[in-house]
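So the protein sequences, as listed, match chains A and B. Add 1165 to the 1-based position in the first sequence for this note's numbering, that's all there is to it. Add 5 to the 1-based position in the second sequence for this note's numbering, that's all there is to it.
Derived by calculation from the structure, the hints in this document are not laboratory data. A few of these clues could be false.
To be verified - Within a straight-line C-alpha distance of at most 25 angstroms, the following computed SDA-like cross-link-like pairs (lysine to any residue) qualify:
id, chain 1, residue 1, chain 2, residue 2
1, B, K107, A, C1234
2, B, K293, B, P360
3, B, K107, A, Y1255
4, B, K107, A, M1245
Unchecked claim - Over the 10 angstroms line for every Cβ pair with chain A, so calculated as not near, a few chain B residues:
id, residue
5, W71
6, M89
7, R291
8, G303
9, G356
10, T370
From the three backbone atoms N, C-alpha and C, an ideal C-beta is built for every residue, glycine too.
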Amino acid sequence: MTEPMVSDEQELIRQYILFGILFRAVMADLGQMRIVPLKFSYQMMFDELSRWAERQHHQLRRILRQRGCTVVSSRRQGHMYVVHYRQRGYVREAIYTIEVLRAECQELVHLWTRYEQRGENKQ
Amino acid sequence: MSNANKRIVFLIDMQSFYASIEKGANPELRNKPIVVAGDPERRSGVVLAACPIAKSYGVVAAEALWQAQQKCRQLVVVRPRMEMYIRISMQITRIFEAFTDKVEPYSIDEQFLDVTGSVHLFGDPLQMAAQIRQRVWMETGINCRVGIGENKVLAKMACDNFAKKREEGVFWLKRETLADTLWKLPIEKLFGVGSRMKRHFHRMGVYQIGQLADMRPAILTRHWGVNGEVLWRTAHGIDDSPVALDSYDSQKGIGHHMTLPRDYHTAAEIKVVLLELCEEVCRRARKKELMGSVLSVGCRGADLAAGTGFGRQMKLTEQTNDAMTLYEAACFLFDRHWQETPVRSIGVNLGQLVPDNVVQLNLFTDNHKRRSLAQAMDDIRTRYGQDAILRAASVLEAGQAKERARKIGGHYK
């Protein structure tokens, strides 16, 4: 059984949301870490990851805008993350599962680590 | 019937629902064979859902966990999280409501949609089905399959017999083509035919759905009464039932059933569970502001063997939703019909429900005091959890209330 075909815009919206959550979550984690006394400072690493996610987030926003797609609102509703976006004049809704978003963000962190090891993020 | 009057009904089924949710929430499990299963230490190790990779090893739902582990050595066992599954099922309902206002949940992982009025907004039914599959996949990580028909029965059979086996995950079962599609399938593939009914049909020389469709309905009615006619109508794809939003609003009974972690041998042990069940049934009845006047008690014997145990009912002297009144009646039924054989599962049901705002006054019992006590206990449970207040009997070794408080429908929250 094959998985359903997904339109480019839907996938771009999802990626945009994921990077948006990631860069904010990393900064929030950094804030938490500052409270705890540690032997070393990990701020640079966290800053780098957050900046990478933010750059990706803005890049995706540009691509979406070029395709006539803008996110109107995004907010957490209980255990769901509800996004409203305007696509070619129509306002559409996407309702994401929080657990899945968290897992996908974790995957992006792994992706960033792999890029870092290969030095690809320096470009 | 002209095409213009035909309805378009979807039955959407989630593939390996529980297992897909677990894989979506934990990427490390994505390429591994996983099953969602109960707790093996409490002998509740039954496979609730298996992912497609596990199924490729021959693991099937509802089999014992140890059997599944023998078929697949690398099997990863995940404990169920029922609260999350219910939540995601409701989230999927909300996604469906963006396509039509007529959505009827059929089970936790299957829902009917009547899209007759909105299909023109999304193209044709096949395009609409593809869009629904895309959204569910993107937003929850679950792959779903869509059966399409002009009524609920056709949509259900389209999904179970065809859509699930197709690459594209969508199938439209039309009444005009039943002879080439549904009627060629074996009789057990007909909705409503189980293993016992299959044996009956085989004895009658009926092996294919087409043979059943060719029979006169009167013959089937003679054998199975109204159910026989329903089967004939199902084989012809006839079903007038609407996709109703309030299918489950009218309730005929409130029941609770419990499979015990081991065989219970003594009446004292079994009655502890009986009391807990009565308590739970009455709590739900009070929550819905209902009382019942018919009590049913059912027991099944050791290792759930068929033919053991009993199922009996009795009319109560007056309607009630008081746990102790129900318990006394349940004990009466139990003492009368239990043959001192080991019991592995037990259930209590309260039927003939009426609103609880009319009470028969009684000179000899203080019903008002009982109602106030029950109300206070309900309030404590609502506020602090199911096991915040228990009867002393539940603390005994036989008691299950504390363990059940951690579960939904017998599975971990």
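Each hint tested on the structure:
no., hint, in the structure
1, B:K107 x A:C1234, "violated (29 angstroms)"
2, B:K293 x B:P360, "holds (9 angstroms)"
3, B:K107 x A:Y1255, "holds (22 angstroms)"
4, B:K107 x A:M1245, "holds (22 angstroms)"
5, W71, "holds (28 angstroms)"
6, M89, "violated (7 angstroms)"
7, R291, "holds (27 angstroms)"
8, G303, "holds (36 angstroms)"
9, G356, "holds (35 angstroms)"
10, T370, "holds (44 angstroms)"
Taken one by one, the earlier hints fail for this structure at numbers 1 and 6, listed in ascending order.
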